[in-house]
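> These are the residues of each chain, in order.
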Amino acid sequence: MGVAMPPNAMEAAFLAQLDENVPAREMLAEAGLPHRRIEEWKWSDLRAVVGKLPAEPGVLTFVAARESDTVAKQGQESALCMPLLASALSKELHIYTLKNGETLELNVDASAGFTHQQLLVLVPAGIKAQLLEHYTVQSCAFANLTLTIVVETDARLDRVVKQDAAPEGALVLTSLIKLAPKARMAQTTLGFGARLARIETHVSHAGEGAQIRLDGACVVGAGLHLDQTSVVCHEGAHGQTDELFKTVVARDGKGVFQGKVYVSGGAQKTDARMQHRGLLLDDKAEIDAKPELEIYADDVVCTHGNALGAIDDEALFYMRQRGLPEAAARTLLIESFLAEPLERIEDEKVREHLLALLRTRLGVVT
Amino acid sequence: MLVIDNLQVCVKMEEGKGRHILKGVSLEVPAGQVHAIMGPNGCGKSTLSYLLSGREGYEIIGGSMMFEGQDLAGMEPEDRAAAGMFLSFQYPVEIPGVPILTFVKEALNAQRRARGEDETSTPQFMKLAREAAAQLDITHEMLKRPVNVDFSGGEKKRMEIFQALMLQPKFLILDETDSGLDIDALKMVAEGVNTLRGKERGMLVITHYQRLLDYLKPDVVHVMAAGCIRETGGPELALKLEEAGYDKYAGGGA
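Chains as they are written, first to last, in our numbering: chain A, 61 to 426; chain B, 11 to 264.
It is possible that part of the hints are untrue.
[To be verified] Residues of chain B placed beyond 12 Å of chain A at every Cβ, according to the derived structure:
#, residue
1, N16
2, E24
3, L37
4, S74
5, Q80
6, D81
7, A83
8, L118
9, T149
10, L153
11, P156
12, D194
13, D229
[What the hints assert, rightly or not] Cβ-to-Cβ under 8 Å is the rule here; a few derived chain B residues that face chain A:
#, residue
14, R65
15, L97
16, V103
17, P106
18, E116
19, A120
20, Q121
Hints in this document: simulated from the structure, not taken from any laboratory. All of these numbers come straight from a predicted model, not from anything done at the bench. C-beta atoms are modelled at their ideal positions from N, C-alpha and C, and glycine is treated no differently.
Excised from the complex, chain B in its bound form (with noise of 0.2 Å):
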């Protein structure tokens, strides 16, 4: 389903310099799978979750990265998203007067009309908003407000995660998803993703610690630092990683 093979990428920098970031990182998602990306902070597992959603500031020196047998690089953001890529952000954005519900619905009937589809009827809608705000212990009163505004770090990943739901996508990026949690809002985030897991859908899960993975028991693991994959393994990897940290890794090099 996604394909990542060799991708190297710097951040541009004034005066066309640049910082190589990601050094050939490697790895594939099969439809149904839920893959972890563990890391020390830089190690560029937040990069690689900008630059399969499309945000400006990257460049692709090297290697590919196809989602379905579309080729990313070249499609805006907006396209991704259409062709079923969503972001989780470790920081959702405030959009002040915007309700979330007239952002929800904006958002998916533009992917709806970018894919040749029906705009999604409002009481249809509704339903939906209500079943998912429910299971996420989200109020009416919340949906009303503008996005992200006013939110704490839990109601906004929260309110990710409702959006997610929503929109339904084929694959889903959670980056740092359990950073500001506790631990009931952890449990109560990791079951909505799983909700979201079936046989149609990838899932990569980038975090820094195993408790999230407690919860979402992911089909693979791989270890990220200075820009490479530098192990991959089962659900065992993290508890690992738990353990002995992030140490033998550093320094560099494959």
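Isolated chain A, as found in the complex (with noise of 0.2 Å):
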């Protein structure tokens, strides 16, 4: 790094919780919080933002279906910033284990100031269960937020992400996910922005059978910024991975994408797909997406696609000719573009309740 920057007052206030020595002191003091000049965030300039929310302590409402089963004292190690930040601002790590046949449900709630959590979800071997979160971020709020996800073998697990809009707030949520031989996972991210959110998701994929699904169905309303990042890295052979994002974006808001698929040398017969389609709503709408493979393995079916479009307007025209109003025509092919990722999801109920939210949410940004 060049000259450090001087902290901003979020940057300041975060290194005041800090003790001497610390990695996350060291990485803060040094680099500062992410910004457009770190490559990986250079769509979405966190400190920036950050740096203009009022830098106080805030309160992070859990509300859970039930307790955690283990809270430890102690963080967990990231090279990662955010994560890191996360486990050494914040006072202890909830553990849960979830049980064959649980859907745990996490409601999570970011007052005004800042605030850091870290959460671990284990997943143990052979048992299926789902984790469904949803995150509301109030004004002048700035959340960071990590959750680390171990599936052990043979074992399922179904997330949905919600993320609600938040105009005047910041999110940060970073998820560490680790994938045992055989185990399943499929995740679908339902978002609809922030003054700047961030989600951001980290895969580490043994193979051997093993098998993830990461979806994403975004909707960034004026004026709002959702960022969408993934890195999943193929360690074993014989794994799968099956990605489809769809970002519609609003006028003078900003979606950004950012795929991943790292195959390493050993991860033979990897198959993984990577799609990433964006509707923009308006000439001021913004799309920056970047899909990228990088693959060390010789024998592997690997794909990306990436098109970004705008409303169709002879489909636009032929269903007004049909006798829907120009604002109804355009909410059902907003609607009918976003609701592919939905539409994987197994779960019959969850899969509905995610469509009408979408419907009704549709009608208000759009």
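Mind assembling these two chains? They're in different frames, but the hints should get you there.
Laid out in structure tokens, this is it:
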């Protein structure tokens, strides 16, 4: 790094809470919060956004269907800045061990001010469980949350992340997922953006029959920002990854898609597919997309696609000619565009709930 | 029912320039009649269908088009649809992700709401859909598919007529509905259209060839060339054109 930047108010508040010589302090003092000059954050300038938010501690309200199984005092190590900060600045680590057939709902609400939290969700071998998360971020809040999820052999986890629009708040939700051999996981995000929201997912993929489906449907309302970043690392052979992300962005909104699939030399027979489709609702809407494949094995099937477009005027005219008012026709087109990833949710009740939620919210956004 | 009077239209182009595409078209379709418009490619007949249904990109520089006493020019496409105007598209548009039945139901109810009528009930709608589908040899599986996606040319045209049967418009414009149809599909589509014939309903059939007219038997045939109606007559005019072609109308000027 070059010359260290003077810390902004938010960074100064974090530094004041960190002990000397802890890695988080060193990282923060040297590099600051992630900002646009860091490649992984070039389209999401977190430092600039949270530097303008009040640098006071806030309250994170955590409503779960049940108590966590264990609370550890010790945070978890990470090479990533935000999980490292979440670990160093949160007071405890809640650990949930899911039971077979369990659906764990987590409702997280961040009040004004900054909050850090970390969670560990364990999915023991052989079980099947669901994790349903819902995040709301109030005005002037900055929430930094890290979830570590470990899916053991032959276990199956279906995860849904709902993120409410937060026009005056910021959210960084980092998920660190570890898939054991033969583990299966499906993750679907339905996000509506914030002053800045980043939903970042890292998957350590053991292969050996392990599978992950990683999907997202994002509606970025006027003036909002939503960043969906994922990194899937295939470390063992015979692993599958299937990603489908859709982003719709309204006027002055910004959608970011960064998807990376890394296939190590030992991960032969990897089957990884990544698709991103964007729909811009206005000339002043922005989508930045960077799909990336990095492959060191020679016997794999890896594909990626990325396409951006606007509402199809021909389709709009056709629908209006049949009697649908323009607004209804637009909403139907947007809804059908976004429904595809949501329709891949296996649980019918959860799927119908998300589709209904999308329908309700679209009326407001478009 | 439909009265077009000396309609003159430009296609909007860049830098404010326009290309004169209809040069004073007049025709009148009373309720209960089927009129055909025939003409060579580029004569302006498809433009007329888009104008009547409200597509953007055209500028009316003179004349008028009235539908049941209402001036169509000032109406949005959806308002024209609610008033009873239906265009069967020459190239029906694909709408991925929207199942055909969902689409037709939304459209029908939007029209009904716009007219101040109650929404249709699901059982009633499904009964109507089954009957219309059976008439056009449309399978249940086809009705579940997204609108026009992965349909053949003939299937798309059948779906247009299916929608017309469901929406029961007062006025039908068929824009080259015969193109891309084999003889069996043509017969089936024509039968579907014929069930819609009635003394309350008008139709404008736009076609290049006479073969669809064998089945539809229009009351009046207009020949359009170079943006004008050049000749108007009975069904025998279509037969004459089939033999002699459009050569005698080449060169423009009324």
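> For every hint, state whether the structure bears it out.
Cross-check of the supplied hints:
1. Every CB of chain A is more than 12 Å from the CB of B/N16 (nearest about 25 Å), matching its label as outside the interface.
2. The Cβ of B/E24 sits about 17 Å from the closest Cβ of chain A, beyond the 12 Å cut-off, so the non-interface label holds.
3. At the 12 Å boundary, the C-beta of B/L37 stays outside the reach of chain A, the nearest C-beta of that chain being 21 Å off.
4. Listed as a non-interface residue, B/S74 keeps its Cβ farther than 12 Å from every Cβ of chain A; the least gap is roughly 21 Å.
5. Interface exclusion of B/Q80 from chain A stands, the closest Cβ pair being 16 Å apart, more than 12 Å.
6. At roughly 18 Å, the least C-beta separation between B/D81 and chain A is larger than 12 Å, which holds for a residue marked as non-interface.
7. No Cβ of chain A comes within 12 Å of the Cβ of B/A83; the nearest lies about 16 Å off, and the non-interface call holds.
8. Residue placement check: B/L118 does not keep its beta carbon more than 12 Å from all beta carbons of chain A (closest about 7 Å).
9. Under the 12 Å C-beta cut-off, the non-interface status given to B/T149 relative to chain A holds; the minimum distance is some 22 Å.
10. Chain A leaves B/L153 outside its interface by the beta-carbon criterion, the shortest separation being 16 Å against a cut-off of 12 Å.
11. Distance check on B/P156: its Cβ comes as close as 8 Å (rounded) to a Cβ of chain A, failing to clear the 12 Å threshold; non-interface status is violated.
12. No beta-carbon of chain A comes within 12 Å of the beta-carbon of B/D194; the shortest separation is about 26 Å.
13. Distance check on B/D229: its Cβ is at least 25 Å (rounded) from any Cβ of chain A, clearing the 12 Å threshold; non-interface status holds.
14. At about 6 Å, the closest approach between the beta carbon of B/R65 and any beta carbon in chain A falls short of 8 Å, and the interface hint on this residue holds.
15. The beta carbon of B/L97 is positioned within 8 Å of a beta carbon in chain A (closest approach about 6 Å), and the interface hint is therefore held.
16. The interface hint given for B/V103 is met, as the beta carbon of that residue sits about 4 Å from the closest beta carbon of chain A, less than 8 Å.
17. A hinted interface residue such as B/P106 counts as satisfied when its beta carbon comes closer than 8 Å to some beta carbon of chain A; here the least separation is about 7 Å, so the hint holds.
18. At about 6 Å, the closest approach between the beta carbon of B/E116 and any beta carbon in chain A falls short of 8 Å, and the interface hint on this residue holds.
19. Annotation: B/A120 was flagged as interfacial toward chain A, and the flag holds, the nearest CB pair being 5 Å apart, inside 8 Å.
20. Given hint, B/Q121 at the interface with chain A, holds; its Cβ is 4 Å from that chain's nearest Cβ, closer than 8 Å.
Of the numbered hints stated above, those contradicted by the structure are hints 8, 11, listed in ascending order.
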